[in-house]
Amino acid sequence: MNTRYEALLSKINSGQVAILDSGTSTELERRGATMDDQVWSA
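In this note's numbering, the protein residues as written are 134 to 175.
Please note that the accuracy of each hint is not assured.
As the list claims (entries may be wrong) - Between beta-carbon pairs, the in silico distance windows are:
| hint | residue 1 | residue 2 | range |
| --- | --- | --- | --- |
| 1 | N135 | D170 | 28 to 38 Å |
| 2 | R137 | R164 | 16 to 26 Å |
| 3 | L161 | R137 | 16 to 26 Å |
| 4 | R163 | L141 | 15 to 25 Å |
| 5 | T136 | D170 | 26 to 36 Å |
Please keep in mind that the hints were generated in silico from the structure rather than gathered at the bench.
By construction, the Cβ of each residue, glycine as well, lies at the ideal position given by its N, Cα and C atoms.
Take these sequences, add in the hints, and give me the full structure.
Shown next as structure tokens:
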């Protein structure tokens, strides 16, 4: 794993919020994530 990924994963695992910028919601949906009212994506 690269250092940036490990840092992000550490923050997520500790309960911090991660804001991602790109076509992330499309990729999450493609991988099976439920994008409903609980998850906001513009």
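Here's how the hints hold up against the structure:
1. Separated by about 33 Å at the C-beta atoms, N135 and D170 satisfy the suggested range of 28 to 38 Å.
2. Checked against the hint of 16 to 26 Å, the pair R137 and R164 passes, with Cβ atoms roughly 20 Å apart.
3. Between L161 and R137, the C-beta spacing of about 19 Å keeps the proposed range 16 to 26 Å intact.
4. Under the hint 15 to 25 Å, the C-beta atoms of R163 and L141, about 19 Å apart, fit the expected range.
5. T136 and D170 have their C-beta atoms about 35 Å apart, which keeps the hinted 26 to 36 Å range intact.
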